[in-house]
Each structure stands twice: as C-alpha cells, then as structure tokens.
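Undergrad: Please build the complex by placing chains U and R on the supplied structure of chain P, with the hints as guidance.
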Amino acid sequence: MSAVTLFELARGIASGAIRVVDLTQTLAPEFPTIILPPEFGQCAPFRLEEISRYDERGPAWYWNNFTVGEHTGTHFDAPIHWVSGKDLPDNAVDTIPVKNFIAPAAVIDCSKAAAVEPDFLMTVATVEAWEEQHGRIERGSWLLLRTDWSKKPYADYAGLREDGAHTPGPSPEVVKWLVEERDVHGFGTETIGTDAGQAQHFNPPFPAHFYMHGRGRYGLQCLTNLDQLPPKGAVIIAAPLKIKQGSGSPLRVLALIAEART
Amino acid sequence: MSGSTRMAYDGIVVCAPITVPYRRYSANSAHWWIGRALQALTKRSGLRLNELDGLSISSFTVAPDTAIGLTQHFGLSPRWLDHVPFGGASAIVALRRAARAVQTGDAEFVACVAGDTNHVDSFRKTLSTFSRFAQDAVYPYGSGGANASFALIAKNYMNTYGVRREDFGKICVAQRDNAMAVPHALMKKRLTLSDYMAARAISDPIHLFDCVMPCAGAEAFLVCGEAAARSLALKGVHLLSTIERHNAFPEDAIQVRGGWAVDAGELWSMAGVGPQDVDFVETYDDYPVIIMMQLEDLGFCRKGEAAEFVRAHTLTNEGSFPHNTCGGQLSVGQAGAAGGYLGLVEAIRQLTDAPLGTQVAEARIGLVSGFGMINYDRGLASGAAILARAA
Amino acid sequence: MTEPLAPPRRKNPLKKTRLPLIPQGARSRTAHGLTMAAAEGRFALQRCSDCGMAVYPPRDACPVCLSPRLPYQEADARGVLVAETTVRVSTDPYFRERMPWRVGTVKLDAGPVLVAHLHGDLREGERARLELKLDKSGAPVVLALPDKDTPHMQDDAQLREMTCEPTFRRVLITDGCTPVGQAMARAFSEIGSSIVFVGVAKAWKPFAGMDALRAVERVEIVPFDITDTESVTEQAEQNGGRIDIIVNTAEHTRAGGIIERRGIGVAREEMDVRYFGLMRLAQAFGPAMKFRGADGVNSAAAIVNLLSVYALMNWPLYGAYSAAEAACLSATHSLRAELRPGGVRMVNVFFGPLETEWFQAVPPPKVAPKALARAVIDALKRGLEDVFVGDVAEDVRARLSVNPKALERELAG
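Protein chains in written order, with the working numbering: chain P, 1 to 262; chain U, 263 to 653; chain R, 654 to 1066.
If we strip away everything but chain P, and leave its shape as in the complex, we get (with noise of 0.2 angstroms):
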C-alpha cells in the first residue's frame, strides 16, 4: 500500500467518483429515543439551549450547549454497554483500536418483508439467501440491516404498541451465527436498538446484544439511507466521541461507495 492510493481516494472523494453517503439521522428534539420501563434510568433526549445569538448575551456570535445520551439517535455501541462485554480489553469508545473505525459493510435488504410484518426478524436463511446471491459475507464487516424503516413517520418508527415496540430486528440464532461463523464487525439497523423491538422476551434477551458485546464487536442504530448503499462494497465510517469509559456516543456515520462508471 503506498501514499498513491490515499491520495486516489482523497482525488476520488472530490471528483466524486467516490461519492460519500451519510447515513446519518439529523440529531433533533424531536427524534425518539428508546424509552425503558419508567423505574430505570432513561435516555437523555437531545436538547439544544442557546447560549447567544449575536444579542445581548454575546453580541457577535451563535453558539449553543447541548445535553444528550450516549445513546441518542445515529450511535455507536461499544462493548462495555452489555453485561456480556464488560470484562473485555479495549471495550469502551476511548480505547477501542480506532482503526475499527473503518471497515466495509454487507447490507441485506429485508425493506419488503419488514414492511407487511412490523416483528420481522431477519434469520440465518435470510443471510444465506442473499449470500446465494451476493456472495459470501467477507469477515471483518458491519452487517447492516436495511428495512427502510427510517422513512417512516414517528410514531410508526418507535412502533410502540401497549406491549412494548414492534420493530424489525435479528433472530437470536443469526446473531450468535453472523458472530461465529462469519466473524462479522458489528452489527447495524435503522430502528432505534440493534435488537428488534421485542427482544425482551427472546431467548437471551436482547441477543444483538448480548452476543454481539459479549464478543467485543460493535452496534450502529438509528442508520438511514441504506438504500443508496450496494449490498457489498461500501465502507463504513463511524468514529464515536473519544468519552472517557463511554459506552457509546451520537456520531456520524458515512459510507464511502465507488459511483458506477457510465
């Protein structure tokens, strides 16, 4: 590898023969959070108070503070954020090895079926389907799931029902699967959790957590615009807030993807 090929993908980038897609939803007030049972502690909302607005408060310039969890909208996982993971090396967002930052991902369309059946679970036939088509999954990617369910209106998004959320997510056996047998870098959705929405009551519980953590590999929630990614080829980048033992941060997460030659 020389310094050619960085200089390539940097000219690549601002011709846009590599055309950078952000798969980054907007961080908002008004974007849901995952709400947990009232006892537990929640997730902060985001929320922007104004310090100055070239007024009286500070006359030449705007600037605002913000408050926000770990886990608000477009994040990052870390290991440490599940019990399963908590013991392993390098766990937390400031000591992940920050080359991890950077892989390629497989992106799996599930959009069709995800659209008539809210609990669509994605399983190991689901992967082994597209791999007859796409190939198999290389080792060392993000698996992202795309349901489109970014585009939907709010309330549909949180899909939350008297029973708790109704939203797409992985079966517990293709989690532990997609871990062993294709050693993949993590795993991400466009629903708020890695998880679907009734996980809770999956044997583990919550398993996209449970096993990916447990194995020191990563989440990305609250993705979009997974349809302009190919089902294999693009790369990821998403780089979370270096905080101290954090469990995981708001980032932004960008796909790079080589534009088709016309």
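By construction, these hints were calculated from the structure, which means they are not laboratory data. C-beta: ideal position from N, C-alpha, C; glycine also. Misleading hints may appear alongside valid ones.
Label-pair ranges, simulated between beta-carbon atoms [to be verified]:
hint, chain 1, residue 1, chain 2, residue 2, range
1, R, 990, P, 49, 40 to 50 angstroms
2, R, 1061, U, 381, 47 to 57 angstroms
3, U, 442, R, 668, 47 to 57 angstroms
TA: Same frame as chain P, but now just chains U and R:
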C-alpha cells in the same frame, strides 16, 4: 366637658389678614407661596423678619420640609414654632395655639401662614399617599378621592334627613353670588340653581358644583397682644372663644356630625353670645353636606334641620344669614391648607371693614368653623372660633 | 340584574391592544394579613386578643384598649350596605378607564365599617355578603355581594376585574398524557372554555386515555414538550397570542430520598420538568400574556401551577421530588411579581399525595385527578392565588403556620 370655664382670650388681637391671589396651576413651590404671604405680612405689619418671634405653618405641598426647614429657608429665628397639618381645621388650631403662646409670653408676634402650590399632578400624588388608612382601605376603591368619600357621607345624610340636591344647591348659588366681587376668585361665572342641578356627576350624588377647585395660593394673619398691635398701628379683632375636637363620634357608622356638637355649648358660653348674635358665618365648605352639619352642630338649628334652615334664609352678604362672605372655597378655590385659612382671614377682613368682596352691614361678631383631614371614611379634625370687632 | 356575558367577538387586528393597568397596590405591613386571607379565599379581620373588638382598617393598636395583640381571624362576613356612590371621575389611570365604578360603605354585623367595591346586584340598604379578593395589583380589597346568589353574578364587570373566569377563555394544559392532565382538559371543556389546547410530548409514544382525550369537545391536541425549549417556543409562537390561561400539569413524581438514589439522572429529569419547565413556559408565554392582560373579555388571565404541598416542607420519602417542587415554588414567587404588572395572576394549587400511579404505595387520603381539576376551576373563578386541595395539603398548611420545625420532624417520620 369640664365644669370650669377655660381661660378667656383677653388681650389677644388677631390682625393683618393676608391673601396671596390664587392661581389654578403654579410651577412654583409651596415655599414660594408661603414666602409671598410672609413678605406681605411683614410689609403690612411693618415688622422686620427678626421681630417675628413666633411662626405657625400649614401646608400639604411643602414636603419634604416642615416648619423647621422653613426657618432657615426664610431667615427666621423664632422662639416659638409650630407645624399644623390639619387641613381645613389648621387656621382654628393655629390661632388657638398662637393666642396661648402670646398670652403666656412665650411669643410676642406670631405669624400664622398657610400656603400650597398646585402642580399639574399634585392632586393625584396627594391622594394616593394621603394617609395609611386611605392607602389600605379607601384609595384602591375607585380612587375617587375625597369626592367619593364625601359622596358616601352626603348620600347617607340625604337618606337619613330627607335632604334634596336643591337644598345643597341653594348654598352653592349664594356663595357664588358672594364671590362675584372677589377679584381673584377662580370661578367667575354666576351660578344658577339649574346650572347646579344639571352639572355632570362626579361621584353620585356629588356633582361638579359641589366640589372645590384645587389651586395654588396662600393666606396669613398675625396674632399678638393689644399693646403690640397698637405699637404697629394695626387694626385687629378680638377672640371671644374657640373649640377644637378630633375623631369625634367614632361610633357613628357614617359621619353625620362633627366635633362641634361635643363642644358647641362651651363655644357660646365662653364667648358670652348666642347664635342669634352672630352677624356672619364662615363655615368650612369642602362640600355642602359638611356646611349643613356645621350649621346644625354649631347650634344654628337642630340636627337634621339644616336643609329647612337653608330654605328659610338668604345666605348672601345682604341676606338674612350672610354665609361664606367671600364666596368660600367653592367659588374662590381651595389652595390646599390655605383653604382652612380662607374663612378666618375673611372674618378678620369683615370685622375690620376690608372685605375681599362685599361688606356685611354692621358686622360685629363672626363665627369661623374649620374641618378636615379625611383619614379613612370621615373628616377627623374640627374646630371653631368666635371673633368680635375691636371697640 | 347582571347581564350575562356575551361570547367575545373576533379581535380586530387593526386596533391597538388596550394595555394592562393596575390600581395602586401599596399596603401597610399589617394590611397584608388581608392579602393572605384574600389569596386563600378566606374572610378574616383583626380581632383584639384582650377585649375582643373586631377592627378595620388594619391597625397596630386596638382603638378600644390599645392592645397591640390584633391577630387576623375568620370573621362573619355579613352586613348591610349603608350608602353607595358611583364614582365617575378619577385621576388614577386604571379606574379612569373603567368608570363608572360603584363603591359603598358596609356596616358589618361584627361591628366594623368597611368601604367596599360593590357587585352590580347589590343595592343600597340591602343585606350584603363580603369577600376579600385580590385586585389587579395583587392587593387585598373588600367586595360586597348580594346576600344570596343572583343569575350570572360571575359576569359582573367589577367582579371580573378580580377573578380569572375560565368561561370563554382559551386554555393550554401543558401535559395531557396523565390522568391529571386529562381530568383538567375535561373540566375546562365542561366549564365553557372556548378552546382547550392540550400539550402532548413525543407524539410517537402512545399513552393511556389518548383516544378518549381526542374525543373531548373543544380539545385540540398540540405538540408540546416542557423539557424542550424549542417545542415550548414553537407552541408559543403559534398559539401564544391566543392563550388566556395556562394550567401546568407537567409532572415528574418518583419516590425516594436523596442518598438512596444513585446518581443525579432522575433528579435532572425532575428539575427539567418542574423547574426548567416552568422557566421555559414563562419565558415563552409570559410576554404575550402580559401584553394581553386587559385585552377584552378573553384577556390573558392566569398561569396555574400545580405543586406538591411538599414544596413547602420536604417529605423525605419523596425527598428529591420535594426539592424539585420547592425549586418550582420559588420560581412561581418571582413569576408572580413579574407577571403582576401585566395583570396576569400566578396561581399555586397545592396538593398532597394523588390518586395516581406514582403515589401507589401511599395510604389515603389522596386527591383524585377530578378533584384537583375542580379545585383549579374554583380557584380561577374566585381569583385565588394560593389554594390547598385535600386533607393532607390543608393539614400541612395548618402545621406549617404553627411550627415549621415540628412539621419538618413529623414528615421525616
């Protein structure tokens, strides 16, 4: 009332009546107006400033100063000093104290002065901070001022004694007649009864011509002994008797009588004359209803019969009962605390043949009455004096 | 006969808005005993402890025996209207634009003579019933009413200057997701408020009672999150100019003391909802409401703040909650003074434990959401400022007035 008679006012002379012509509004201070009166008093009496060894001041608008500040302001060094903040009763009270000071030798020449200015916003400022009870329990109720408070008194009086507005009107019309010859009277138009009845309501049942016009002005007189008055060649009057009473009849739910009713007997017996001997009466005329109370309580008629008395008499200077002979405050104007002096100063003039307007024929004995200081719902201060022409 | 109030017509947008003026509000310190009584809707006068004389106006020595012991006590409010006058001329700007104005002298059966504002249906010579009210300057005044209720008496023009009648007014209820918020919405709809805006945060999160709430007449659900400055500001920009009464039903109730809590996360939420929430509300809606304090029949009238009575004295079983409520309470005192020049009343309605889920383990007596709503309506109709709802709240108030230290210990159990 004590059984023994109070000490007579022998040897006392009340003289040098001074009026500084009134003006509706004035940008000058109360100090200026009081100063004008003092200067006129010294010119009239021939006294030099350092010969005035007694000073009595009454004023609403001289704040934050009181009498003591005025000694330095005017360059006086009196050995007897008084500040009398009793509104319409100030003249009577000042006279009583000055007379006793001269009788005991505490002072030789006492200048009694009342003066007030009237800025465009004086009246509202005076009202809202007039008294603690007014602040807590009167002003917040419509802020109608004395007009509203006396309207309640008038309404009750009319209900209780069957008095009509026409009866009040006759008093006001007569006073206006008396004022026509007074050069500085602020009300210059003759008043008819139909004018009075048709005037706009201020606070029912009080209408426009029941109310005095606040203005700026000053009044003064001098109190001294007989020998002192002779030395100045000043013509003065004798003081036959005085009374003073405050917060009388607190048990009355609404005011229908004043302090005069308590002490009127003493007023007449001390003077050695009766109501039939009086040639003219100067009542305190903030409102006609209070005039009627004074006529009753001082003994000119029985309680509740003042309306009948008014109907049965002519109240002009040439009539059967000369009353408020220069027109009173209702026609001349109310110059704050000087309103309390107006009647007494006019009485001195009538008794020395120097009236502001027309002369009451053969005026030998005059009665002056003072009243004022509505603190909550009634006027608290009252007093009266009987004066006689010097032989 | 009081003319029933006609529903207000649409405001002419080209006409200048009448600015709020207030009458003189200065009172002696002793007179503030009346302020306290008026704020709570009681009729109290000073009574001499030594000779038993009832006195008025407020004094510092008994006019019969000169005793300095003149505590305020509940008094018989009945008497006779002895004389009345209709004031037509005043130099005071507030009264000047409200002429003619009727006042009168009332002789109380209990003795004292009072100058009072008159209700239009009370005539001279009739028996009267007196009430202490707060006027637009927040100062106590005496109002004489007819002995018995008369039709539409709440529509009397002079009385309306001292009340915050919800009829024909437009209301914002800050949180409709709770039983209290929903009971409040129903109560204002029933009493004839012309529109009841009900705030719902997080439109994507369903809540119990949602469908029933939408079905209530004249209710309009609006997005409103009291913890989100942008949300509050947006709502004020859209609707602030036509909101006359705000009822702040936003709540955050969790049991627990301070040490037993881990971290300050929940406390931050408590403060965000209760203290910062009220601050956002007041900053966003306050200026427009103050501007409209005298703007016709449906002028801006009041902000009602629901407060735990434990804002006045901490209940350690709900220790952190009490502290946040106390912060909110102190803010209301500042706001009361800030809103007053605009003729808008800050009403505090105190309650003990509620019949709601977060007081589940607390034994009765507890206050039902419906009862709280009724108390709010009543407070507005009577123009009250400090209201205590339910037995526990009244008990806390009574104990506080006698010995706050004893109450502190008693609440700690």
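Undergrad: If I claimed the Cβ atoms of residue 1061 of chain R and residue 381 of chain U lie 47 to 57 angstroms apart, would that claim hold in this structure?
TA: For residue 1061 of chain R and residue 381 of chain U the Cβ distance comes to about 55 angstroms; the hint holds.
Undergrad: Kindly confirm whether 47 to 57 angstroms is satisfied by the beta carbon distance between residue 442 of chain U and residue 668 of chain R.
TA: At 49 angstroms between Cβs, range holds.
Undergrad: Could you see if the CB distance from residue 990 of chain R to residue 49 of chain P stays within 40 to 50 angstroms?
TA: violated (25 angstroms)
In summary, the one numbered hint that this structure violates is 1.
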